[in-house]
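Novice: Protein chains in written order, with our numbering: chain G, 1 to 664; chain P, 665 to 1328.
By construction, these hints were calculated from the structure, which means they are not laboratory data. No experiment lies behind these values; they were computed from the predicted model shown. For each residue, glycine too, the CB sits at the ideal point set by N, CA and C. Please note that the accuracy of each hint is not assured.
[As the list claims (entries may be wrong)] Listing some non-contacts, in silico: residues in chain G with all C-beta distances to chain P over 12 angstroms:
| # | residue |
| --- | --- |
| 1 | Arg61 |
| 2 | Lys135 |
| 3 | Phe195 |
| 4 | Leu220 |
| 5 | Gly221 |
| 6 | Gly249 |
| 7 | Glu444 |
| 8 | Glu518 |
| 9 | Ile548 |
| 10 | Gly624 |
| 11 | Thr628 |
[What the hints assert, rightly or not] Heads up, incomplete: computed chain P residues facing chain G, CB under 7 angstroms, no partners named:
| # | residue |
| --- | --- |
| 12 | Phe703 |
| 13 | Asp735 |
| 14 | Glu766 |
| 15 | Ala773 |
| 16 | Leu840 |
| 17 | Thr843 |
| 18 | Pro1007 |
| 19 | His1051 |
| 20 | Pro1054 |
| 21 | Val1055 |
| 22 | Glu1087 |
[Unchecked claim] Under the rule of at most 30 angstroms between Cα atoms (straight-line distance), these lysine-lysine pairs were calculated in the DSBU-like manner:
| # | chain 1 | residue 1 | chain 2 | residue 2 |
| --- | --- | --- | --- | --- |
| 23 | P | Lys994 | G | Lys106 |
| 24 | G | Lys330 | P | Lys813 |
| 25 | P | Lys813 | G | Lys345 |
| 26 | P | Lys1001 | G | Lys141 |
| 27 | G | Lys106 | P | Lys1083 |
| 28 | P | Lys1008 | G | Lys149 |
| 29 | G | Lys105 | P | Lys770 |
| 30 | G | Lys105 | P | Lys994 |
| 31 | G | Lys337 | P | Lys770 |
| 32 | P | Lys1083 | G | Lys105 |
| 33 | G | Lys419 | P | Lys770 |
| 34 | P | Lys1009 | G | Lys344 |
| 35 | G | Lys337 | P | Lys805 |
| 36 | P | Lys1001 | G | Lys149 |
| 37 | G | Lys419 | P | Lys1122 |
| 38 | P | Lys1083 | G | Lys458 |
| 39 | P | Lys769 | G | Lys337 |
| 40 | P | Lys806 | P | Lys769 |
There are 2 protein chains.
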Amino acid sequence: MKKQPETAIIRRITPSLDNARYAIKRAIGEQVVVEADIFKEGHDEVTALLKWRPVGSKTWRETPMQPIGNDRWRGALRVTTAGMWEFTIEAWGDVFFSWQHELDKKVSAGLQDLQSEILEGCAFVEAAAARASKKDAALLKKFSAALRKATPEEAHVIAQDSVLCGLMAVHADRSLATTAEPPHPISVERERSAFAAWYEFFPRSAEGKPDSGSKFRDCLGRIDDARAMGFDVIYFPPIHPIGATNRKGRNNSLKCEPGEPGVPYAIGNNRQGVNGGGHKDVAPELGTLEDFDWLVGEINARGMEIALDFAINCSPDHPYVKAHPEWFFKRPDGTIKYAENPPKKYEDVYPLNFHNDDWRGLWDELRDVLLFWCGHGVRIFRVDNPHTKPVSFWEWVIAEVTAQFPGTVFLSEAFTRPKMMQELAKAGFNQSYTYFTWRNSKAELAEYLTELTQSELKEYFRANFFANTPDILPEYLQHGGRPAFLIRAVLATMACPVYGIYSGFELCENSPLPGREEYSDSEKYQFKGRDWNAPGNIKEYLTRLNAIRRQNRALQEYSNLRVQVAENDHILCFSKTTASLDNVIVVIVTVDPWQPQTAFVRLPLAEFGIGESEAYVVEDLLTGERFTWRGSRNFVALNPHTRPAHVFRVRRWQDRENGQDIFA
Amino acid sequence: MKKQPETAIIRRITPSLDNARYAIKRAIGEQVVVEADIFKEGHDEVTALLKWRPVGSKTWRETPMQPIGNDRWRGALRVTTAGMWEFTIEAWGDVFFSWQHELDKKVSAGLQDLQSEILEGCAFVEAAAARASKKDAALLKKFSAALRKATPEEAHVIAQDSVLCGLMAVHADRSLATTAEPPHPISVERERSAFAAWYEFFPRSAEGKPDSGSKFRDCLGRIDDARAMGFDVIYFPPIHPIGATNRKGRNNSLKCEPGEPGVPYAIGNNRQGVNGGGHKDVAPELGTLEDFDWLVGEINARGMEIALDFAINCSPDHPYVKAHPEWFFKRPDGTIKYAENPPKKYEDVYPLNFHNDDWRGLWDELRDVLLFWCGHGVRIFRVDNPHTKPVSFWEWVIAEVTAQFPGTVFLSEAFTRPKMMQELAKAGFNQSYTYFTWRNSKAELAEYLTELTQSELKEYFRANFFANTPDILPEYLQHGGRPAFLIRAVLATMACPVYGIYSGFELCENSPLPGREEYSDSEKYQFKGRDWNAPGNIKEYLTRLNAIRRQNRALQEYSNLRVQVAENDHILCFSKTTASLDNVIVVIVTVDPWQPQTAFVRLPLAEFGIGESEAYVVEDLLTGERFTWRGSRNFVALNPHTRPAHVFRVRRWQDRENGQDIFA
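Can you build the whole structure from these sequences, using the hints too?
Specialist: Given below as structure tokens:
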């Protein structure tokens, strides 16, 4: 038999991931609305508290939960600092409030002989006084004394006294309270994890030279350009030594010509010796570790942050191959196996065996790689193909790294089946690549945006909307021309607080390998000449979008997106609002990159705090234009070439001064 | 870091109650269809096994699970004996089947240099041989030898050999398998817990004498009558000594005339001394404990079983009051509080305080009461008002009792809010009273029957449909006359494998207290004269219904009820079928006790294994009539007085002999 029998029942707590096994995610300042089934036997008045605290703190914060019908209760908490928090629920049958309720019924029924009941109440109040601070105890004793000599009617009034009730709530008898176990963890993201604009470029391409690579010391121009556009995370594909054995040539050719730079994902080159040339080194052609440190300092000085790629790939020349052959998969003849996806072969990459006999040694080493770069100022890692490594590894390594370097951010590049992507997010990845790249029609976008922000996913799976990547040139961009780039830029920036582009997007680069969603002459395999200010670029548009994001709090929140009605299958309308409605944004964007489109859109005015017949102003933040609308249904005309989108800030009527209407 | 990193992910197992905290319920022979999200990193072929066993057994039974899309897997198990079982899932990335899959892709792509791959396969087969029995090992070694000298094409064929695949599945390498924790419990009900017809009567009313009570030795007539009607559980309200202090008189009068028998729920009378006269005693007016033992023997000899009431109520005269005053609630003046529901007072009942300082003593004593009656042959307890005692008490006491007396059945009489009723069922109650009594319209019945048998409730909440109780004379029965009794009898018997009536139902007793759903002159408070064969009784109809239940397996299953379309708001149609379709029952019943009703009903013929244009026979098991129907839509005419229902057994066409159609 248990020591203390459970008295209250607390079940079906939401949000809850796999019975509190995993943490939900929140940004600083965000709410968690917690619900649970709470009840107990008999007729006692139940009190339930929502309790929360940063993990490690000894003190719970508490707020009462309210019943919302059918024994379901609700309460809300707010997290205020980054890091791991936890919440739980405590409930009990409250003797005082049960007594108050019974007394009320008896007095209302006209019962007179209530001396015993009144003395019972005194006892409860005195017991609370014994638990209370000196000041509260004195107050409580006064109530008890008054109660003791009260008539039933007087006792009835005293029992309902709001000061007494407040004190009795604070000093309640919780000796038989039940607390839900285990507590539910909440991972609170630091600001740049929750709101950021990523710009990805290959440092060797910084200057856009067609025949040779740039170095770390040459990157400031590209970084300043990105900063001017409004980006604040600079993300580099792997910067480590690139293998020589089976090095790939341009367009993934098996034959590599002399001087070709190789694929940065074929990591490791032991020419620098057994202890060098791997994941803890920089490619000599980019510079030295000192150069890298200098660059990180320059980036930070600009108010930006660097993100590195964590790609667990080893070239045949990686130092691990000689030092730890047991970490790799072997053929029957004892040689190491390269990666395959039959019939495709990847002779330049050796996969690692995470369950080899020395798996602890391997896991520790990979953790140490991350810690090494954390030691060099890196706090964001974009993880390459995490879904081909055990989820248990990620859960472990992310916990290990964040224990030493709190706030380290991990982005999961898992383009795979939904449940694996979700599990990685649960296991600790702060952000995830998504299917956004392949959601292009209005119907697809509406469904996907709703799933991400309204389903259980919103609790733990936080999207990073990349519009393109070095591996993905979506068909939509291949065929839609410059308008397609504008449209995708609007969608990525406005729908998701964290998004990114891979450099070249701003130049509308869209030349594919025939029949593929890949770039021709991809800079993964070669040097690439570029004019970073080539005509037709959309840098100004991106700059404007990034500025709008920074100036509008509603665009920095994740789960506040709601798809609205637009009466045209090519026009998507969605709103994002702050809880206080001080920032109401409505985005109306065509997804047709070819033809002009018009639509009536319908806005939920009541939700925006606007009466149905009231005038309000929509200000297009892209152009500065202002339109006065009235009623929920209004007309818009979009043109993919000149005006692919409206980004409206909705301004409510506030006052009238000097015959002029003022809109907030 | 964990000892062995988890390799497969197993999540969202269903059915699962509060993360395997509580057991789901099944009858002997029933299936559990288990689903889960199962996947792992990378591209390995995943194998998943559903495993189950009686708790305590060392050996798991196993069956492969099958993927059903989107990383969801499904498997089914069958429980074969009463008692507690458990299931879990084991999954792993299978090296052999991954190899087979890769070899297939390589051979299909025309690759020729596969010597290394073939040797790898040999190694897997030989490793399996090392794990296998001698006989299997010999077979496996033959395959390995053949493989070793095979061409790629030959190896491809060998790798797909069904004998080899079967052996490799049986002797798979599970060294890196993941097993879901904790295992999920299954409570398998014994036969009479899953299928029974209860008949409740007050033993003191056995002979129907108006001025004096019957004794245990007088009960055989009533029991034989119940048996003749087809009942197999005889349920007695409390049989213990009845308190004298504040004894209630007829119709719940505060004044009790001399000679009035009192309420059996006011338990305890210390006239027999401190150690007697409580929950472990029989009321002397019913006889002795020896008489009770004799009666239990007679009931069992008739193939029936007794059910006792477990009512944790104490009269002021209960021995506990003197022996354990600390078990009760006290007033400030030290006197014991009686039960109240303000402004109502129950001066004849002292409630017990389950959290008093000696709560262990109280809990142990209550367990001992149950064990005492188990020792006297009782294996079914109907528990009075369990929702006013802690759920944790029930969870504990049911486990304690069933550990010593396996198969003891507990019926929860909790007419309260849904979540408490559900929690009690989860905590261990085998059966539950329901809202059935107050579901009278077609729409209400259709919704409630569907909720009970199709929602998550079906996994653990097993209804016992009582048509009336000593406390409840539903309005429907008060006003609907004899047809109402026929209709409710059809519903209770046909919709639910376990049901009950309180005696007098068969006589259509329906005289209420004015404006209440209670009986006037209730025998809870007085002796009651009755003619058990009074004219207008429905004993023959009940007898027929009980016989139909026994003869039709589909009516003995719980979750197989499906509401079907009847094109009339007063006619309810539902089907119950066995999985093999060897027993297909369709019940069509009017819920209008006044007027004749007609309807077209629509049957899901394909689900019954009948073609849309095929002829089939419906045999009315109540009358023996047979109708030949064709097509899903057919006409019925019901009359509440003469034919309130059809209970059809659907007979499919089987053969034609001598120009005659034969229907199964």
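Novice: Output the numbers, in ascending order, of every earlier hint that fails for this structure.
Specialist: 17, 29, 34
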